[in-house]
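Number of protein chains: 2
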Amino acid sequence: MTKEIKNKKNQMSFDFDGSSEAQTITEEPEETVKTNKKTAKSESEPRTKQADAATAESMAAKQRDISVSEFFAKNRHLLGFDNPRKALLTAVKEAVDNSLDACEEAHILPDITVTIKQISEKKFTIIVKDNGPGIVDKQIPNIFAKLLYGSKFHSLKMSRGQQGIGISAAGMYGLLTTGEPVQIISRTDRRKKASHYHVQIDTSKNKPMIVFDETCDFDLPTGTQVIITIEGKYQKGKQSVDDYIAQTAMSNPHTTIIYNAPDGENYKYERQIKKLPFLPVEIKPHPYGVELGLLYKMARESTAKRLSLFLHHDFSRVSSKLGADICKKAKLSPTSRPVNLTIKEAEQLHTAINETKIMAPPVNCIGPIGENELEHGMKRTVEAEFYAACSRKPTVYRGNPFLIEAAIAYGFKTEQNNGDDPDKQPQMELKRFANRVPLLYQQSACAIYKAAVDTNWRNYGMSQSKGALPMGSVALMIHIASVWVPFTSESKEAIAHYPEIVKEIKLAIQECGRKLGMYLRRQRRIKQEMAKRGYIETYLPYIGEALQEILLLKDEQVKTVVTRLKDVLEKTRQI
Amino acid sequence: MTKEIKNKKNQMSFDFDGSSEAQTITEEPEETVKTNKKTAKSESEPRTKQADAATAESMAAKQRDISVSEFFAKNRHLLGFDNPRKALLTAVKEAVDNSLDACEEAHILPDITVTIKQISEKKFTIIVKDNGPGIVDKQIPNIFAKLLYGSKFHSLKMSRGQQGIGISAAGMYGLLTTGEPVQIISRTDRRKKASHYHVQIDTSKNKPMIVFDETCDFDLPTGTQVIITIEGKYQKGKQSVDDYIAQTAMSNPHTTIIYNAPDGENYKYERQIKKLPFLPVEIKPHPYGVELGLLYKMARESTAKRLSLFLHHDFSRVSSKLGADICKKAKLSPTSRPVNLTIKEAEQLHTAINETKIMAPPVNCIGPIGENELEHGMKRTVEAEFYAACSRKPTVYRGNPFLIEAAIAYGFKTEQNNGDDPDKQPQMELKRFANRVPLLYQQSACAIYKAAVDTNWRNYGMSQSKGALPMGSVALMIHIASVWVPFTSESKEAIAHYPEIVKEIKLAIQECGRKLGMYLRRQRRIKQEMAKRGYIETYLPYIGEALQEILLLKDEQVKTVVTRLKDVLEKTRQI
Numbered sequence: 022m023t024k025e026i027k028n029k030k031n032q033m034s035f036d037f038d039g040s041s042e043a044q045t046i047t048e049e050p051e052e053t054v055k056t057n058k059k060t061a062k063s064e065s066e067p068r069t070k071q072a073d074a075a076t077a078e079s080m081a082a083k084q085r086d087i088s089v090s091e092f093f094a095k096n097r098h099l100l101g102f103d104n105p106r107k108a109l110l111t112a113v114k115e116a117v118d119n120s121l122d123a124c125e126e127a128h129i130l131p132d133i134t135v136t137i138k139q140i141s142e143k144k145f146t147i148i149v150k151d152n153g154p155g156i157v158d159k160q161i162p163n164i165f166a167k168l169l170y171g172s173k174f175h176s177l178k179m180s181r182g183q184q185g186i187g188i189s190a191a192g193m194y195g196l197l198t199t200g201e202p203v204q205i206i207s208r209t210d211r212r213k214k215a216s217h218y219h220v221q222i223d224t225s226k227n228k229p230m231i232v233f234d235e236t237c238d239f240d241l242p243t244g245t246q247v248i249i250t251i252e253g254k255y256q257k258g259k260q261s262v263d264d265y266i267a268q269t270a271m272s273n274p275h276t277t278i279i280y281n282a283p284d285g286e287n288y289k290y291e292r293q294i295k296k297l298p299f300l301p302v303e304i305k306p307h308p309y310g311v312e313l314g315l316l317y318k319m320a321r322e323s324t325a326k327r328l329s330l331f332l333h334h335d336f337s338r339v340s341s342k343l344g345a346d347i348c349k350k351a352k353l354s355p356t357s358r359p360v361n362l363t364i365k366e367a368e369q370l371h372t373a374i375n376e377t378k379i380m381a382p383p384v385n386c387i388g389p390i391g392e393n394e395l396e397h398g399m400k401r402t403v404e405a406e407f408y409a410a411c412s413r414k415p416t417v418y419r420g421n422p423f424l425i426e427a428a429i430a431y432g433f434k435t436e437q438n439n440g441d442d443p444d445k446q447p448q449m450e451l452k453r454f455a456n457r458v459p460l461l462y463q464q465s466a467c468a469i470y471k472a473a474v475d476t477n478w479r480n481y482g483m484s485q486s487k488g489a490l491p492m493g494s495v496a497l498m499i500h501i502a503s504v505w506v507p508f509t510s511e512s513k514e515a516i517a518h519y520p521e522i523v524k525e526i527k528l529a530i531q532e533c534g535r536k537l538g539m540y541l542r543r544q545r546r547i548k549q550e551m552a553k554r555g556y557i558e559t560y561l562p563y564i565g566e567a568l569q570e571i572l573l574l575k576d577e578q579v580k581t582v583v584t585r586l587k588d589v590l591e592k593t594r595q596i
Numbered sequence: 022m023t024k025e026i027k028n029k030k031n032q033m034s035f036d037f038d039g040s041s042e043a044q045t046i047t048e049e050p051e052e053t054v055k056t057n058k059k060t061a062k063s064e065s066e067p068r069t070k071q072a073d074a075a076t077a078e079s080m081a082a083k084q085r086d087i088s089v090s091e092f093f094a095k096n097r098h099l100l101g102f103d104n105p106r107k108a109l110l111t112a113v114k115e116a117v118d119n120s121l122d123a124c125e126e127a128h129i130l131p132d133i134t135v136t137i138k139q140i141s142e143k144k145f146t147i148i149v150k151d152n153g154p155g156i157v158d159k160q161i162p163n164i165f166a167k168l169l170y171g172s173k174f175h176s177l178k179m180s181r182g183q184q185g186i187g188i189s190a191a192g193m194y195g196l197l198t199t200g201e202p203v204q205i206i207s208r209t210d211r212r213k214k215a216s217h218y219h220v221q222i223d224t225s226k227n228k229p230m231i232v233f234d235e236t237c238d239f240d241l242p243t244g245t246q247v248i249i250t251i252e253g254k255y256q257k258g259k260q261s262v263d264d265y266i267a268q269t270a271m272s273n274p275h276t277t278i279i280y281n282a283p284d285g286e287n288y289k290y291e292r293q294i295k296k297l298p299f300l301p302v303e304i305k306p307h308p309y310g311v312e313l314g315l316l317y318k319m320a321r322e323s324t325a326k327r328l329s330l331f332l333h334h335d336f337s338r339v340s341s342k343l344g345a346d347i348c349k350k351a352k353l354s355p356t357s358r359p360v361n362l363t364i365k366e367a368e369q370l371h372t373a374i375n376e377t378k379i380m381a382p383p384v385n386c387i388g389p390i391g392e393n394e395l396e397h398g399m400k401r402t403v404e405a406e407f408y409a410a411c412s413r414k415p416t417v418y419r420g421n422p423f424l425i426e427a428a429i430a431y432g433f434k435t436e437q438n439n440g441d442d443p444d445k446q447p448q449m450e451l452k453r454f455a456n457r458v459p460l461l462y463q464q465s466a467c468a469i470y471k472a473a474v475d476t477n478w479r480n481y482g483m484s485q486s487k488g489a490l491p492m493g494s495v496a497l498m499i500h501i502a503s504v505w506v507p508f509t510s511e512s513k514e515a516i517a518h519y520p521e522i523v524k525e526i527k528l529a530i531q532e533c534g535r536k537l538g539m540y541l542r543r544q545r546r547i548k549q550e551m552a553k554r555g556y557i558e559t560y561l562p563y564i565g566e567a568l569q570e571i572l573l574l575k576d577e578q579v580k581t582v583v584t585r586l587k588d589v590l591e592k593t594r595q596i
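Residue numbers (the working numbering), protein chains in the order written: chain A, 22 to 596; chain B, 22 to 596.
Please note that the accuracy of each hint is not assured.
Which copy is meant is left open, because identical chains are indistinguishable; a pair holds if it fits in one copy or across any two.
[As the list claims (entries may be wrong)] The calculated DSBU-like cross-link candidates involving lysine-lysine, where the alpha carbons are at most 35 angstroms apart (straight line), are: (1) K138 with K349; (2) K95 with K289; (3) K487 with K289; (4) K138 with K318; (5) K138 with K378; (6) K575 with K487; (7) K378 with K254.
It is worth saying that the hints were derived from the structure and are not from the lab.
Take the sequences, apply the hints, and build the full model.
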C-alpha cells in the first residue's frame, strides 16, 4: 500500500519544472542504475520485521522536489502559525502590514479597517480593507496564493514586508484549516469596477489557482480588501490582536485604523499627523556587505563593459574614480570586462574593496518615526508622569543601513501596582518594533531584549536583578528601521543578535535612561525637600516660642522672626 | 541606474517556471493595467527628495518570484550559517547526517571519516567520506546543489535529514563565501569506477549547475565523499566540531568515526555495537493529525474509488470496517467517490474522524537508541560514579509518533569543580539529541531545556534555583526520536514546545531522577554512617575504660565487651 501511494505522489510532482531541469543536468548515465542493486545488498545485513535495505537506485527513485509551500505547510510554526491564537494574530498582521506598505508606497495616508467575525467556535473570518492603490488583476493570484513572490525581497529599501511569504502563508493556513480560499476585492481605478477574486494555493506546486472571479462594486475610489477564513482563537490581553492594533496605531501616527473585534467592540484610532512619514528610496548594495562568491556572481552577470564601471554602477558609494582605484589596488585592469572575471581575480578584488575606505551607505533608504512622534505615540497609549525619546543616527551592519529609536514612559498606574509600593512593582514593559511593525512574540530571543537586559538600569535609579529587565512602572519602546531587518525566523518575531545592532540599541536606551535618571533624581530631591519642609513647619513654632522666652520678644516680633527664618531656610534648598 | 539593474534582474528570473504559470492563471485582463496610472497618482501627495509615489501598475512591474535559494542566501542565519564558527560546524553536521542516514537505509554499518583542512586564515576544506551505498549519478547535482530536494520530506519515517535543505545549503554557503563548487565522489558499484562531480547552485533559479565531471578511483567498494570549501573558524570547546563528533559517537554506538581535526589531531571512535540499530519503516499519516483542508485535498487527489477505502488506504490504523463506520457517522455514503467530496462533506468527515476512537499510530517507524546503549554511550564520554537511563514508550503529537529517552551521569570531575565543594558546583550539563543528532545551539529555546528546568530537582536531592537547571556535576542526555521532529528553525537546533513532547521529556527525566535520588540518599546515608562509625571508633575505647572502672573488669573482658558493642552498634545501622 505504501508503495502505491509513493508512486502516485511521484507522478504528481514530476510535472514541477521537470522539463527545464533536463537542460541543466547534462549527463544521465542510465546504465549505472540497473546493476548495483545486488552489490549494495551484499554489503548489508538483512534484518526481519524492519525496513528493507535500500540501494542507491531505490533511494534515487524516492528523491524528489519539495515545493516551498509543502515545506512551510509542514513547518507552519516557522511562519507564526503554531497555535490558533497566534495564527489569528499573524494573519491580521500580515494583511495590515501589506496595506500600510501599499498606501505609503503610493503616497496615500492610510485608512485601514480590520474586521474579525467569529463564524463558529474555532473558525474566524478576517477582513482587512485599505484605501491603497489597489492591485493589478494579474498579480492578485501570485501575491495571495504563491509563497516567495513579491516586490520587496530584491530591493534594498525599508518596508514592513520583505520576504514575499506572509499574506500567502496566511491564505495557505486558512485553506489547510478551513478549506476556504482567500478572497480579494481590489480596485485600481475610480472609473472602473473592482475585481473580486477567490484564489487558493496548490501546495504541491506552490502555484495559485483561481477558484472564481467577477467584477463588483467597491466603496472607495481605489483600494484592496482581503478576506481570509481560518481556524483561530480570540483572546484579549497581551499578544492579542487588540494589543497588536493598539501598538500599530502607536508606531504609525499617520494612519487611521478602525478595528471591529469579534466580541462586538469597535475601536477607532484616528490619525495624529496629517502627513506621510519619511518615504524611503531604494539603494544599491554597499561594497562592504558583499561576499566573495556574490561579488563574483554579480560581476559575471553585470552588463557593464568595464570593471571600474561595474563597481561604480552596481554598488552604492563607489565613484568611477574610486572604482578605478580599487581595480588598481587589486592589480586588475579597470578596462577589463567584468564577465571575464575569474574567481582568483574576484578574490583580489574582494580583498582590495575591504582595504579601501568607502563612505557609509546613503541613509535616505530608511526613515525614523521621529522623537516627537514617538513621545506622542507613547502618550496615546500610556498615561505616565515622565516621557523621553531619542532617534539615533543611521549606521550599518553587514552593509545594511539601519537606525534605532527609543522612547520611555515612567510612572503610570497599572493593574498590578498603584505606582508607589516598591514590592508590588511590575517588570518593565518592553515594546518592540521593526520597520513600524510591533513584535509580540519571542521577546527573550530578540536583540532588543538582550540590549535592555544588559543595560545597567541602577545607574538610572531603578532596581534590577542580574540578567533581568528592571522593575518599576516603566515602558520602554524600541524601534529598528532597516532595509533588511535580520529576523530570527520567517515569522518575523525577534531580531538576530548582530553586535552592531545590539550596540546601537544600548546607546539609544542609555540616552533615554540618562534623562529618566535625571528626572528620578530630581523627584527624589523634591521628596526629600518635602520631608524637610515638613520638619521646618513642625518645629519652627517651637523655635519661635523658645526665642520668645530667651529674648523676651513680643508676639508680633516672634511672627516676623519665624516668617524670616522660614524664608531663609527655604532659600537654602535647591529644587 | 537603479532601474536598469532592476530590469536586468527581472529578465533573469522570468524564465523560472514562467510558462507553466500561464496555464494556472487563466485570466489576465491587460486593459486595466494602462489606465490607472493618473488616477492613483491623483490620490497621493507628491513629496520632494523622497521616493516617487507608486501606482498599482508600477508596483505590479516589480512583483516577481523569489527563488528559495535567494531567500535562504539572504537569510542564512535561519540555516545555521550565522557566523564562521557555527558555519563550519553546520556544514560538517549536514554531511555526516546524510552519510549516517544513507548507510542505515542500506543496512550498512557506518564507517565515517571527517577531515578538515585549514587552507587560509578563514578558509577551510571539509571532507566527509562514508561507506554507504553511493548516490546514482543523475541525482548528485540535485541533492547537492538544489534546495528543497530529497527523499525524506514526504515519507513519515525517522531519519536525521527531513527537509532537503541541509547539504545543498552548506554547498551554497561555500559558494557564496569562497566561490568554490562542491565536489562529490560517489561509487555505487564495486565493478565500476567512481564518479567525481563539481557542482554549484544557481541561486537565482535554485537549479544545479555541473561545473565538471569525470570518473575516478575510490578506495571503497561503494560510498560517497563530499568536499566543501567554506569560510569558517575553528575553535575547540563547547559547540565545536570536536564536541559534535564526540556526541555523535555517543548517540551512534554502531558507527566508527575517524576525525582529523584542522589542528592536526586525530580522533578515532570505534563502534561499540556490531549490529545496526532499529531500522524504521515508513508509515502512513494518522487520521487524528490531519486538518480539514488537508483531508479535503487528500480525498480529491485519492485514487481510491470509494470513500471508505480512501480512509482505509491513505491513513494508518483505519480498517475498511472502521472506514465505513466513520463515513456513516459523518452521514456520508461509504461508496461515494472521494474525488467528488465537497468541502462541506469534508468538514462532516473531519468531525466524524475526531469523534471516532482510532488506535494510536504504529511505532515501528521510530526506534530508540536503547537504555543499555545510552548508558554505554554516557560511559564513553563521561567518567562518573553513577549512571541511569530510560527509554519511554512511543506516543503521539499531532498524529506523529515520537519517543523520548533519557540518561543521567552523576559525580564526575570537571575542570570547574573537584566534585566536592558545593560552592564551586557547575550547572548541569544538558546534552540534546534529535533522531540521534546532537543539538548544540539554542539550548534555551528548546523543549528539552524547558522540561529540564521545569523539573523539581530538589526532589532528587539536588540544589536548583527557580527557572534554572540544577547545580552539580551531573550530565543529562535527552533523545527524541520521531518521524517528524518539530524544529524551531531550519537550522534544526531546538525543538518546538509541543505540550505532548514536553510532558514525555519530563516523565523520562523523572524516571532517571528517581534513580538518582535513591542513589544520592543512599550515598548520604553512607556518609552519615561513616561519620557515626568514626564516632563509635573514637569513643568505644573510653566507654571500655569507664566500664572497666565501674565494673572492675579485666583487660580481656573489656576487649570482648568493646568488640561486642561495636558489632551490635554496627548491626543497628542499615546501609
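Cross-check of the supplied hints:
| no. | hint | result |
| --- | --- | --- |
| 1 | K138 with K349 | between (65 angstroms within a copy, 32 angstroms between copies) |
| 2 | K95 with K289 | neither (37 angstroms within a copy, 38 angstroms between copies) |
| 3 | K487 with K289 | neither (41 angstroms within a copy, 43 angstroms between copies) |
| 4 | K138 with K318 | between (50 angstroms within a copy, 26 angstroms between copies) |
| 5 | K138 with K378 | between (57 angstroms within a copy, 32 angstroms between copies) |
| 6 | K575 with K487 | neither (62 angstroms within a copy, 69 angstroms between copies) |
| 7 | K378 with K254 | between (54 angstroms within a copy, 26 angstroms between copies) |
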